[in-house]
Amino acid sequence: MTTLFTFPKGGVHPPESKKLTADKKIEVLPTPSELEIILGQHIGAPCTPTVARKTEVGEGQMIGEVLKGLGVPVHAPAAGKIKAVSSSAHPLQVKAPSITIAVDAEAQPVVYDRNEWKNEDAKALLEKVKNAGIIGIGGAGFPTHVKLSPPSTAPIDTLVLNGAECEPYITADHRQMVEHADEIIEGSKIILRILGINNCLIGVENNKPDAIAALSKAAEKAAEPEYTIEVRALEVKYPQGSEKQLIHSLTGRKVPGYALPSAVGVVVQNVSTAKTIYDGVTLDKPLYEKVITVSGKGIARPANLLVKVGTRLADIVDFLGGTTPELQKVVLGGPMMGFAVSSLDIPITKTTSSVLFLTEDEIDTTPHSQCIRCGWCLDACPMGLEPKEVGIYVEANRGEDTEQFGIFECFECGSCAYVCPAKRPLVQFVRLAKMKAKRPQ
Amino acid sequence: MIEQQAQDNLPPAQQGLWKVSVSPHIKSGESVEKIMWTVVACLVPPLILSVFVFGIQVLLITAVSVASCMAVEAASQKALGRRVTVKDGSAALTGMLLAFVIPPGVSPLLPVLAAVFAIYIGKHVLGGIGYNFFNPALLGRAFLLASFPVAMTSAWLPPLDSAAIFAYLGTSIDAVSTATPLAVMKEQGMAVFTERFGDGASLYTSFFLGWRPGCIGETSGFLILLGGLYLLYKGYITWHIPVSVLGTIAALTWIFGGDSYFQGDPLLAILTGGALLGAIYMATDYVTSPTNKTSQIAYGIGIGALTVLIRLKGGYPEGICYAILLMNPLSPVFDSWFKQRRFAAAQGGEK
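Chains as they are written, first to last, in the working numbering: chain A, 1 to 441; chain B, 1 to 351.
Derived by calculation from the structure, the hints in this document are not laboratory data. Glycine included, C-beta positions come from ideal geometry on N, C-alpha and C. One thing to keep in mind: the hints can contain errors.
[As the list claims (entries may be wrong)] Computed list of lysine-lysine pairs in DSBU-like fashion (alpha-carbon distance at most 30 Å, straight line):
1. B:K339 with A:K423
2. A:K54 with A:K83
3. A:K297 with A:K18
4. A:K434 with B:K19
[To be verified] Label pairs and their calculated CB-CB ranges:
5. B:K87 with A:E326: 21 to 29 Å
6. A:L283 with B:W239: 57 to 65 Å
7. B:F133 with A:Q404: 53 to 61 Å
8. A:Q404 with B:W239: 24 to 32 Å
[Claimed, not checked] Simulated coverage check for chain B against chain A, where a stretch passes if three residues somewhere in it have a Cβ under 8 Å from a Cβ of chain A:
9. 18 to 25
10. 30 to 37
11. 128 to 138
12. 335 to 347
Using the sequences plus the hints, can you model the full thing?
Written out as structure tokens, the structure is:
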């Protein structure tokens, strides 16, 4: 038994609920007749459409680009005709600008040829990553080419690949690691080349032994003297996949408060983003499809699916045999940090990692009561913050005085609210507090 | 209208309505209710034992105490326009603990009055669960001690022989009342104490198992400890407060509690005067104790030191009740002194 890498303070152990889909191979969802591509899928300004209504587009063709500021282009996930340039349902913004494509069912899928990337320099590779529209697809949506060009004041020595997948239910990264281990390893080499470093650590939670084995084997097979790629097993503990916790687990380094991983010489990428980088660089294939987990007791047939960006939830539900009558809550993302949605018209974006259909016995709907000051939230908080105080202050209308409790270091993992015996919505309190309080400079 | 109502009666999924809320969407199975009722359950074994030690009227006192605490809780919440949460078990626990810290021979009217003071004044007027800064059960006891000093210091019953649990019913309390071990020690000295309760191993054994005058909560150190171990195992309490309270009582009694320094009896100090009940069930009350582990140890040491100070120099033989009440309001102070360490400091020092 090897020792497992982990972070010492805080964390919780929610039921994993991964058995529903962990052993299910990635299935390809047939392209639906219509796709809605949201223009603002990344952190930064939304894309400006480069196509007009009735334009014919081919699979992989750019249909929106960022003219100014942070961002990456979006591409047509399938060949077809532009039906509308308007807006779509969005989990957070309610409505968001989008492009609707009427898919040409007759069109043949594009076949991508492999090209050699080893002769290209870092700058050219970075350009390819940007043009392929790649963003952090683990959920953050931060443009990857920006993350891969850290400021020169912060020398990087380690790439951390995040294969923790600590959110319950989700198995999309797990399946990618099992089925596409070689591509992930090659993707990590591309990232190492871009960063000009040679050390990569891949962290995978110990509940995925097949993924650890597959990645280790792939790394061994593709071993080259100029790269050191090591797969490390992590303790199963939420939020193991949080950037700061993962870096601490794997390298022992602590990212200072309010700082980025580059402050301790680390860049973190999700394993699925590494696979996407492989696609974008070696195949010149833009990011327009996504492996997602569809799970929960509220869906007839839980599955891991390869879906086109822009596929509506309704199309996924139809393909998987519909929802069960006990369905109570639909969540985009994991049960700890995902967003509850109220409509199946919402399209999948590049950052969707899962769609959960949850029933009464899977969710908690107990009304909350007053804080009994048990302090369990303090023990659960991986950042060493004081969630109970934030809640009490917000309830007393003193949200502006909560900076002292470190709310701006809170990444809303939900560990505190998970353990709270009074069922207090502590994440919601923190979000309200963040709106009222002033961020320290 | 009728159609609308029919629609409303359908389960949400069939109405096409789903629940939406801020994450997380899953929560642990723990709840305030579960914690409180578990603690109540842990107090049942010592209660049953005390029936065999002091007779059936301890059940009556406990029932009156629990029922009146729950009734006062419901009435207070109704009167103050708050949600009635009497089912969460916190009032039942207060009632249980209150019964455990008053002499078993008192009139059943006393716990009723204590319940009004503890729950209405001590808890709901201050904001309800979570906002009371004194332990309600101990506040109830302190109220009775101030209002009915004679009954509260003399209605002790000598342990029964041969499980004659109905023996005291209908007897005048004055006829049977006795004094608690620590009161004997304080007022009549060690010689009388040894004469009455024995010494050495047999003394520890009888005190550990519960055969001596005292409150319900003082009977069996063994059963109190057993309940505490279960709460530790469940993660409902941590070792910090009980260990620091008992450790301090033992250490300071050993140093100062004897005829000369380092001659005191630490084991006896822990087994008497409700020290175990106080350390395990009272001092660990979530609402009135600190939340940070360092603060908890400081708080526990404070309780232990005050207990020994009161026992040795003060007017009361037991001490832990007032020690806890005196430390209760300091909990937030300790918590503001010892903050839990952040994951990492901001770059270039605190911002």
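Outcome of the hint check:
no.: 1; hint: B:K339 with A:K423; result: 24 Å, holds
no.: 2; hint: A:K54 with A:K83; result: 6 Å, holds
no.: 3; hint: A:K297 with A:K18; result: 12 Å, holds
no.: 4; hint: A:K434 with B:K19; result: 24 Å, holds
no.: 5; hint: B:K87 with A:E326: 21 to 29 Å; result: 26 Å, holds
no.: 6; hint: A:L283 with B:W239: 57 to 65 Å; result: 58 Å, holds
no.: 7; hint: B:F133 with A:Q404: 53 to 61 Å; result: 21 Å, violated
no.: 8; hint: A:Q404 with B:W239: 24 to 32 Å; result: 29 Å, holds
no.: 9; hint: 18 to 25; result: holds (count 8)
no.: 10; hint: 30 to 37; result: holds (count 5)
no.: 11; hint: 128 to 138; result: holds (count 4)
no.: 12; hint: 335 to 347; result: holds (count 9)
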